[in-house]
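Engineer: Given chain A, put chain B in place with the hints provided.
Each protein sequence line maps, in turn, to chains A and B.
Going by numbering that gives the first Met the number 0, the residue at position 116 of the first sequence is 115; the numbering climbs one at a time, nothing skipped.
Going by numbering that gives the first Met the number 0, the residue at position 306 of the second sequence is 305; the numbering climbs one at a time, nothing skipped.
Zero decoy hints are in this set.
Once the Cα atoms are required to be at most 25 Å apart in a straight line, the calculated DSS-like pairs of lysine-lysine come out as:
{"no.": "1", "chain 1": "A", "residue 1": "Lys181", "chain 2": "B", "residue 2": "Lys334"}
{"no.": "2", "chain 1": "B", "residue 1": "Lys181", "chain 2": "A", "residue 2": "Lys334"}
{"no.": "3", "chain 1": "A", "residue 1": "Lys181", "chain 2": "B", "residue 2": "Lys181"}
Worth flagging that the hints you see were computed from the coordinates, not collected in a lab.
Read off the chains here:
2 protein chains.
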Amino acid sequence: MTDAIVRELRAVLGPDQVLASPADRVTYSYDATYLSHLPDVVVFPASTEQVRHVLAVARAHRVPVFPRGSGTGLSGGSVPLGGIALVMTRMNRILEIDRDNMLARVQAGVITAHLQETVRAQGLFYPPDPGSARISTIGGNVAENAGGPRSFHYGTTGRYVLGLEVVLADGTVLKTGGMTTKNVTGYDLTSLFVGSEGTLGIVTEVTLRLLPPPPPARGTLVASFADLTALGRAIGALAAHPARPTSLEMVDRHCLAVVEAHRPPEIPPGVAGALLCEVLDWPEALAGRLRALEEVCRGVGAVAVSGLADAGAQRRIWAMREALSPAVARIKPTKISEDATVPIAAIPA
Amino acid sequence: MTDAIVRELRAVLGPDQVLASPADRVTYSYDATYLSHLPDVVVFPASTEQVRHVLAVARAHRVPVFPRGSGTGLSGGSVPLGGIALVMTRMNRILEIDRDNMLARVQAGVITAHLQETVRAQGLFYPPDPGSARISTIGGNVAENAGGPRSFHYGTTGRYVLGLEVVLADGTVLKTGGMTTKNVTGYDLTSLFVGSEGTLGIVTEVTLRLLPPPPPARGTLVASFADLTALGRAIGALAAHPARPTSLEMVDRHCLAVVEAHRPPEIPPGVAGALLCEVLDWPEALAGRLRALEEVCRGVGAVAVSGLADAGAQRRIWAMREALSPAVARIKPTKISEDATVPIAAIPA
Numbered sequence: 000m001t002d003a004i005v006r007e008l009r010a011v012l013g014p015d016q017v018l019a020s021p022a023d024r025v026t027y028s029y030d031a032t033y034l035s036h037l038p039d040v041v042v043f044p045a046s047t048e049q050v051r052h053v054l055a056v057a058r059a060h061r062v063p064v065f066p067r068g069s070g071t072g073l074s075g076g077s078v079p080l081g082g083i084a085l086v087m088t089r090m091n092r093i094l095e096i097d098r099d100n101m102l103a104r105v106q107a108g109v110i111t112a113h114l115q116e117t118v119r120a121q122g123l124f125y126p127p128d129p130g131s132a133r134i135s136t137i138g139g140n141v142a143e144n145a146g147g148p149r150s151f152h153y154g155t156t157g158r159y160v161l162g163l164e165v166v167l168a169d170g171t172v173l174k175t176g177g178m179t180t181k182n183v184t185g186y187d188l189t190s191l192f193v194g195s196e197g198t199l200g201i202v203t204e205v206t207l208r209l210l211p212p213p214p215p216a217r218g219t220l221v222a223s224f225a226d227l228t229a230l231g232r233a234i235g236a237l238a239a240h241p242a243r244p245t246s247l248e249m250v251d252r253h254c255l256a257v258v259e260a261h262r263p264p265e266i267p268p269g270v271a272g273a274l275l276c277e278v279l280d281w282p283e284a285l286a287g288r289l290r291a292l293e294e295v296c297r298g299v300g301a302v303a304v305s306g307l308a309d310a311g312a313q314r315r316i317w318a319m320r321e322a323l324s325p326a327v328a329r330i331k332p333t334k335i336s337e338d339a340t341v342p343i344a345a346i347p348a
Numbered sequence: 000m001t002d003a004i005v006r007e008l009r010a011v012l013g014p015d016q017v018l019a020s021p022a023d024r025v026t027y028s029y030d031a032t033y034l035s036h037l038p039d040v041v042v043f044p045a046s047t048e049q050v051r052h053v054l055a056v057a058r059a060h061r062v063p064v065f066p067r068g069s070g071t072g073l074s075g076g077s078v079p080l081g082g083i084a085l086v087m088t089r090m091n092r093i094l095e096i097d098r099d100n101m102l103a104r105v106q107a108g109v110i111t112a113h114l115q116e117t118v119r120a121q122g123l124f125y126p127p128d129p130g131s132a133r134i135s136t137i138g139g140n141v142a143e144n145a146g147g148p149r150s151f152h153y154g155t156t157g158r159y160v161l162g163l164e165v166v167l168a169d170g171t172v173l174k175t176g177g178m179t180t181k182n183v184t185g186y187d188l189t190s191l192f193v194g195s196e197g198t199l200g201i202v203t204e205v206t207l208r209l210l211p212p213p214p215p216a217r218g219t220l221v222a223s224f225a226d227l228t229a230l231g232r233a234i235g236a237l238a239a240h241p242a243r244p245t246s247l248e249m250v251d252r253h254c255l256a257v258v259e260a261h262r263p264p265e266i267p268p269g270v271a272g273a274l275l276c277e278v279l280d281w282p283e284a285l286a287g288r289l290r291a292l293e294e295v296c297r298g299v300g301a302v303a304v305s306g307l308a309d310a311g312a313q314r315r316i317w318a319m320r321e322a323l324s325p326a327v328a329r330i331k332p333t334k335i336s337e338d339a340t341v342p343i344a345a346i347p348a
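Just chain A, with the same shape it has in the complex:
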């Protein structure tokens, strides 16, 4: 049966865009979890029409289809269970940056960082910044409703999705949403596809809301704690304060141990963990806001707090944070990346 499917898919997509060798199937058998299943065949459509053809072949042969972008997800959403692995990375064109309406229309396979940079060059801002932004695709971000540290302030990917083009299992090409901020007419089908992990249809195009650039001054608060309960209380207090940071990251003593050589002087040795807060604001307001957040952290028992406005010191801090993940991966026996979400009040315990 697989031979027939491969033949039919090749007739439509071209021979190079349909792979069935064991090596190719293994390549598209996993994502960033430890889940893995071989697909029977791997296809690379170049257009919405080709996606429709793939679904038509799948329908005719009653074979499941598993859409994916770069496979950086942490939930198994792009892991196939046999069938067709449908890889969207060839559909990687930014179709339109509409400055007047502050939106971008892109194919699902566009790399997130590529969109971020293109938009920035035009004086606008695409806030979602998942950890995998340099590799992940917008379509994957939509399918997983990707977050990232900035989602603390800016929300997850879904908040920026104004509309979608989706190919349904029966071949229907559905267009959802609109191009206005207050787009409240009719059922919100867009949100139904966001986070659905490819199970409801294949997202081929995405219309994204853009924002003006954030205020230009950047500050970083580094707060260290002797115990994790106090650190947890600080997260709740920072989240509820009017000066709430733009993003918030936590590192514990085990993480600090593996990057000891890069530990910045703002984090004293031997602490249980530290919070790194990014604050974006106007130059006039930055120092006052960092001071307010310092007080919040001291109020819940931080053993050391530094508000940094100096660019060099901030670079050191965030370089340490970025070095963490590869450094942890280097120690044995393995690294498990979780993408946990808990209610604020459950953090201190």
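Structural biologist: Using the frame of chain A, we list chain B on its own:
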């Protein structure tokens, strides 16, 4: 048939909570549009269980049900077409303000302003502020995905809905969503009910995300224009600027004419219209931000621009804006309130 329905409904809800006189039916026959249709009967359930009973009676008699709050909507979402007008205003309890998790759990009939004030008293902030906030219910805000001037910055009601309790037509009580900011597991059924105007089920309880209070300093920018095209261009330029205001209102020459006695000195006589922008920020940053927005407006040809930080001057401006709607209603022959949404680039033309 109506007699039997009224009898069954009274048996469950009590005789005072089921109204069928002509006057009562007229009272619940309209919303803030000019649409109007008489319901056959009006019911006031006091609990989710009573809502289920109403739906059971409706099901047994194959009679349609039209849920409503205070009826301030501008889309006809709560106008009945015969059948049962189900009025949610008795389910008006704030069930929980969870400060640690920054959320509120409320019954659908809670008045929006009541929630705003209760939350503010606890040092938190519920951003949605539809024009009808002093009358409208949270359930109605959810059903219509209500906006208001602050939605320019804070988004519409839906952004704050974390979860819902909904009674479906078959009597099922569905609980959607969760209590975390990044709540991305499973299909987003919550968003499907938001904006569905009561057509998919009866929302009985709403869990809302709260924010920290906004920065404490308030400024207002008043920019006047000799023609509406320039005013429209200013809206686009303000929306795309990093100093983007928190809310934005426009008044044209016809509106200004009816409140001429209250026209503030910042708006010169004879202009085509004016923009009122609210800016919330830290005291240190306010003046600079107002200046930046002033420059934006001058750059597109404003004939007068004032950045106001003085509380008295701001009160005058916003009092004028609030006087507009009743003042317009007083002139003949009638007033039509539209709730239009257009793409930014379509505004200047």
